[in-house]
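Chains A and B, in that order, give the protein sequences. Just so you know, our numbering puts 219 at position 33 of the first sequence, and the rest follows in order with no gaps. Just so you know, our numbering puts 51 at position 50 of the second sequence, and the rest follows in order with no gaps.
The set of hints was computed from the structure by calculation and includes no laboratory data. Every residue, glycine too, gets a C-beta built ideally from N, C-alpha and C. Honestly, I wouldn't trust all of these hints.
[What the hints assert, rightly or not] Using C-beta positions, here's what the derived DEER-type ranges look like:
{"id": "1", "chain 1": "B", "residue 1": "Lys59", "chain 2": "A", "residue 2": "Gly202", "range": "49 to 55 Å"}
{"id": "2", "chain 1": "B", "residue 1": "Ser29", "chain 2": "A", "residue 2": "Thr191", "range": "34 to 40 Å"}
{"id": "3", "chain 1": "B", "residue 1": "Ser97", "chain 2": "A", "residue 2": "Gly248", "range": "38 to 44 Å"}
{"id": "4", "chain 1": "B", "residue 1": "Ser13", "chain 2": "A", "residue 2": "Gly248", "range": "38 to 44 Å"}
{"id": "5", "chain 1": "A", "residue 1": "Gly226", "chain 2": "B", "residue 2": "Ser97", "range": "24 to 30 Å"}
[To be verified] With a Cα cut of at most 27 Å, we get these calculated DSS-like pairs of lysine-lysine:
{"id": "6", "chain 1": "B", "residue 1": "Lys112", "chain 2": "B", "residue 2": "Lys72"}
{"id": "7", "chain 1": "A", "residue 1": "Lys243", "chain 2": "B", "residue 2": "Lys43"}
{"id": "8", "chain 1": "B", "residue 1": "Lys23", "chain 2": "B", "residue 2": "Lys105"}
{"id": "9", "chain 1": "A", "residue 1": "Lys243", "chain 2": "A", "residue 2": "Lys199"}
{"id": "10", "chain 1": "B", "residue 1": "Lys108", "chain 2": "B", "residue 2": "Lys23"}
{"id": "11", "chain 1": "B", "residue 1": "Lys69", "chain 2": "B", "residue 2": "Lys58"}
{"id": "12", "chain 1": "B", "residue 1": "Lys43", "chain 2": "B", "residue 2": "Lys23"}
{"id": "13", "chain 1": "A", "residue 1": "Lys243", "chain 2": "B", "residue 2": "Lys58"}
{"id": "14", "chain 1": "B", "residue 1": "Lys69", "chain 2": "B", "residue 2": "Lys112"}
{"id": "15", "chain 1": "B", "residue 1": "Lys69", "chain 2": "B", "residue 2": "Lys43"}
{"id": "16", "chain 1": "B", "residue 1": "Lys43", "chain 2": "A", "residue 2": "Lys187"}
{"id": "17", "chain 1": "A", "residue 1": "Lys199", "chain 2": "B", "residue 2": "Lys43"}
{"id": "18", "chain 1": "B", "residue 1": "Lys72", "chain 2": "A", "residue 2": "Lys243"}
{"id": "19", "chain 1": "B", "residue 1": "Lys108", "chain 2": "B", "residue 2": "Lys43"}
{"id": "20", "chain 1": "B", "residue 1": "Lys69", "chain 2": "B", "residue 2": "Lys59"}
{"id": "21", "chain 1": "B", "residue 1": "Lys108", "chain 2": "B", "residue 2": "Lys72"}
{"id": "22", "chain 1": "B", "residue 1": "Lys59", "chain 2": "A", "residue 2": "Lys187"}
{"id": "23", "chain 1": "B", "residue 1": "Lys112", "chain 2": "B", "residue 2": "Lys23"}
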Amino acid sequence: KAGVTQTPRYLIKTRGQQVTLSCSPISGHRSVSWYQQTPGQGLQFLFEYFSETQRNKGNFPGRFSGRQFSNSRSEMNVSTLELGDSALYLCASSLEPDSNQPQHFGDGTRLSIL
Amino acid sequence: GENVEQHPSTLSVQEGDSAVIKCTYSDSASNYFPWYKQELGKRPQLIIDIRSNVGEKKDQRIAVTLNKTAKHFSLHITETQPEDSAVYFCAGGGGSQGNLIFGKGTKLSVKP
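In isolation and in its complexed conformation, chain B is listed as follows (with noise of 0.2 Å):
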């Protein structure tokens, strides 16, 4: 079955810096790869996702890149602000599981 895996668990950086975090996963049969944003207490919220058909997308400050071949897609987020602290969970989908699988989560800390 799918296995999805997440690094790094935690991220610390700066206000204003990038910040990257990477997936893993095993099923070449994937085919949608959402990203949740969880902030302390609230419920995940999908903040962007992405089809495999598509190398890259952009939303404003985020973005996230596919990398069928190796199996592995990333989150960017360009000039952080401290709203971005979070955990981010990445999944994915459309495989032989039949439903989504979800990495560990990142939390993320921007700090003023």
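Chain A extracted, bound-state conformation (with noise of 0.2 Å):
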């Protein structure tokens, strides 16, 4: 069975632009949930969809969004970019939505802003 997939691996990207990153879960996960990793930040949560709907979201602004396709597959835009959006952008698939059911993480998708 096929992990998790992110595309791109690698982005790069200046201030003001904008930028959508995606992620297709393992065949028959149906929740998709989105971190932001940082040196000395760890993993911090963005947001979760199941069923094409934000089930939940994390502390960010508003520039940070996403949505989620029929097939699961899932998209998240990051508008206005700013330089401290560098980061590396990690997605991970459930089968459920709760969040005490084993998350399975992609390789991420390394985002530099110049």
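These two chains come separately, so use the hints to put the complex back together.
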């Protein structure tokens, strides 16, 4: 069974631009969560999607948004990029949306803002 | 909301020694505690998890213990090997927050 797939792996943008990241969950997994990983801050929860609906949201500004499609694939969008948005963005999928379910991560998209 | 604290932030051990990483959580409703290992440049990988109805779980050289009363859980790695070198993250879930809350990670270095 294929794992969680994230594209692209690397991305370089400049301040003010916007970016869209993609995540394909493990086949059969219906919940997708997104995290931002920066040195010293660990993994910070962005949001979770299930059945094409945002189920939960972390403490990030409205510039960060996402969506989920009927095949459970998810996209994350960041608008008006800032230098501080440079990070590794990870998505994780699980069978069901409960936070007591094992989550499996993708390799991440490393976003660099110049 | 849930808060998960993890200690130590760095840990260096000699090959063959044991390593222990500790986490505390604040939400007494949390009932699921996974541990992830992240090697440099790679994805976090689930290595073991424990639910609140169990006090201890083992998988070969790895074990996790949970103390619900004190709200803390620990990862124990015995007979460490250089390939155990990585960043380890604990997390708490199933509580009122509705999502997994991660600790800030422990960088484990195993010296040959």
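- Message: Checking each numbered hint in turn, tell me which of them this model violates, lowest number first.
- Response: 3, 6, 13, 14 and 15
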